[in-house]
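Q: Could you slot chain P onto chain U? The hints should help.
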Amino acid sequence: MNKVYGRLFLFPGLITLIAIIIFPLFFTIALTFSNWSVANAGFDWVGGRNWAAMANNERFWDSMVRLIPLSFLTVLIQYVLGFAIAMIAWQGIAARRFFRVLWLVPMMTTPVVMSVVWKSIFNETVGPVNDVVTGLGFSPVSWLSETVPAMFAIMVAEVWQWTPFMFLLLLAGLLSLPKEPFLAAAIDGAGPLRTFFNVTLPMMAPVSIGAIIIRLIEASKIFDTVYAMTNGGPGSSTETPTYYIYLTGLRNFDLANGATLSITYLIVFIALLTIIAQVLSRLSRPKGV
Amino acid sequence: MVIKRILATLFVTLWSVFVLLPLLWALVTSFKPPEAVNFGATYLPFVEFTPNLDGWSAIFGGGGATTNLVPPLFNSVAITFGAAAISLVLGTVTSYGLSRFRYKAGFIKNQDIVFFFISQRIMPPIVLSFPFFLMLRNLGLLDTRSGLILVSIAGLLPIVVWLMVDFFNGIPKELDEMAMLEGYSPFEVFGRVILPLMAPGLTVAGMFAVIFGWNDFFYPLVLTFGQIVTLPVAIVSLNATITPYWTLSAAAIFAILPLIAFAFAIERFLSKGSLSGAVR
Numbered sequence: 006m007n008k009v010y011g012r013l014f015l016f017p018g019l020i021t022l023i024a025i026i027i028f029p030l031f032f033t034i035a036l037t038f039s040n041w042s043v044a045n046a047g048f049d050w051v052g053g054r055n056w057a058a059m060a061n062n063e064r065f066w067d068s069m070v071r072l073i074p075l076s077f078l079t080v081l082i083q084y085v086l087g088f089a090i091a092m093i094a095w096q097g098i099a100a101r102r103f104f105r106v107l108w109l110v111p112m113m114t115t116p117v118v119m120s121v122v123w124k125s126i127f128n129e130t131v132g133p134v135n136d137v138v139t140g141l142g143f144s145p146v147s148w149l150s151e152t153v154p155a156m157f158a159i160m161v162a163e164v165w166q167w168t169p170f171m172f173l174l175l176l177a178g179l180l181s182l183p184k185e186p187f188l189a190a191a192i193d194g195a196g197p198l199r200t201f202f203n204v205t206l207p208m209m210a211p212v213s214i215g216a217i218i219i220r221l222i223e224a225s226k227i228f229d230t231v232y233a234m235t236n237g238g239p240g241s242s243t244e245t246p247t248y249y250i251y252l253t254g255l256r257n258f259d260l261a262n263g264a265t266l267s268i269t270y271l272i273v274f275i276a277l278l279t280i281i282a283q284v285l286s287r288l289s290r291p292k293g294v
Numbered sequence: 051m052v053i054k055r056i057l058a059t060l061f062v063t064l065w066s067v068f069v070l071l072p073l074l075w076a077l078v079t080s081f082k083p084p085e086a087v088n089f090g091a092t093y094l095p096f097v098e099f100t101p102n103l104d105g106w107s108a109i110f111g112g113g114g115a116t117t118n119l120v121p122p123l124f125n126s127v128a129i130t131f132g133a134a135a136i137s138l139v140l141g142t143v144t145s146y147g148l149s150r151f152r153y154k155a156g157f158i159k160n161q162d163i164v165f166f167f168i169s170q171r172i173m174p175p176i177v178l179s180f181p182f183f184l185m186l187r188n189l190g191l192l193d194t195r196s197g198l199i200l201v202s203i204a205g206l207l208p209i210v211v212w213l214m215v216d217f218f219n220g221i222p223k224e225l226d227e228m229a230m231l232e233g234y235s236p237f238e239v240f241g242r243v244i245l246p247l248m249a250p251g252l253t254v255a256g257m258f259a260v261i262f263g264w265n266d267f268f269y270p271l272v273l274t275f276g277q278i279v280t281l282p283v284a285i286v287s288l289n290a291t292i293t294p295y296w297t298l299s300a301a302a303i304f305a306i307l308p309l310i311a312f313a314f315a316i317e318r319f320l321s322k323g324s325l326s327g328a329v330r
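Taken in order, these protein sequences are the chains called U and P. Using my numbering, read the first sequence as starting at 6 and increasing by one per residue. Using my numbering, read the second sequence as starting at 51 and increasing by one per residue.
The hints are simulated quantities; they were obtained by calculation from the structure and are not laboratory data. Mixed in with the good hints, there may be bad ones.
[Said to hold, decoys possible] Only pairs whose alpha carbons sit at most 20 Å apart, straight line, appear in this in silico SDA-like list of lysine to any residue:
1. Lys159/P - Arg12/U
2. Lys54/P - Trp95/U
3. Lys54/P - Gln96/U
[Unchecked claim] Derived list of chain P stretches under chain U, where covered just means 3 residues or more per stretch with a C-beta under 8 Å from a C-beta of chain U:
4. 60-69
5. 77-90
6. 148-158
7. 261-274
8. 281-287
Because the structure is a prediction, the values reported are computed rather than measured. Note that CB positions come from ideal geometry on N, CA and C, so glycine has one too.
Okay, chain U solo, but in the shape it has when bound (with noise of 0.2 Å):
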């Protein structure tokens, strides 16, 4: 009787996710086996080609080795800001209240509307950053058209919108630390810099490293601010893997070699996470156990 009741609780959800989801994903699988396209829809089978068209594909992978300063050294920089503003608001200030809604505003923000908005600050000729700049006597920065350049906007635009994000989960970890080691450690004489390298810092390991994995999965989509400020430009300077497999897969409809991309940035992408996951609880392990 109860079995029953326990599998009407749990159904509902489990079959829709998997219907929604796991159903979708090996059809996913099978079309990068097909040559699926526009102009010849339907599964015919061409065996291993899409992947062996993916192993070369040279655009592919420049786009893949990207997200190592779109996300993850965006995500170190949200890190360190993140937690700064943490221990800062944890610390208390006057007008707390104000600034944690302050601080968590550009959560609530879409990320895409923010683009276009940072993309209008960032304009060449109009934009308020290129005023600044030439105001302190240098000459303007062709901040959307240049490699470097576009890159470093597109990084700022990243750090306003999620910093809070780390914010909340830092300074929610912050809050259930206990107090025992704190007073230990000033008992003992320790500074505020030891206090923060041998007790803080340790003792927020797993929530930092929480927080870490669950921004860089989120960082590794990048889509929205490519989109929006760069087109992926200038040329394809700063394609990301995601806008480029949506232009080879929803723009030119090649689903077959879209699909066998997206598949392959899907297996490299947890496989990065799962060894970065393990590099960061080892180094993390406290020194000698």
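A: Relative to the frame of chain U, chain P by itself:
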């Protein structure tokens, strides 16, 4: 100690300014006349230019503009709240099951099923977009609100389950057992005893589902073609055409305002306790 104070204050100030600047820039720009935009950046209304409402009237079809953001607003609200509501119902029922009953299928146990749900957040939307595109086309749901609601559930259901399982676990099982002894069926226990206690959990999960649903751009972009336009898609297509910056900025503010208003309206339900539960 004093130096530390100064550094912290400086940092707080700089960060707050950085957080506010893009929003202020968009807000100020939305009231600018053309001459305040086209000849370089201006910052101060009333000092550097006389604000007007041309940008704001243009997003509702005023001043001969072809744009009207009211239908996209309606679409976004319908899709977001539709998908969030369905995910909340399915996710809550499933989470209750995962918190109260014991499942076993071979080596798969409760925590494996929970992990299975949460891990679906890892799935990049691009991987699912190909089958979604073909499936919705075959079902005749491409470019419809129902189609978008259906695919949005894939992203929202894992969030709801992730949050709700913890919330249910926080309520003692003895409560269920006592209600059972009173002669309640499991459905009555769930609906009449436990669910009324879940207001904070439902608020947090609902808020996250609405935020993620509202902010989604990828699925509407690839699964609609002009019939059903959501707000983010409408803003981006304005950006792709020659839209003056005052109109574009007004549109951007208009698109993010509903969610910020929603967040403020719901913020008082988020006590500290429920917040710390949300991020575990």
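Q: Now tell me if each hint is right for this structure.
A: Right, here's what the structure says about each hint:
no. : hint               : result
1   : Lys159/P - Arg12/U : 13 Å, holds
2   : Lys54/P - Trp95/U  : 15 Å, holds
3   : Lys54/P - Gln96/U  : 12 Å, holds
4   : 60-69              : holds (count 6)
5   : 77-90              : holds (count 5)
6   : 148-158            : holds (count 5)
7   : 261-274            : holds (count 7)
8   : 281-287            : holds (count 4)
In summary, this structure violates none of the numbered hints.
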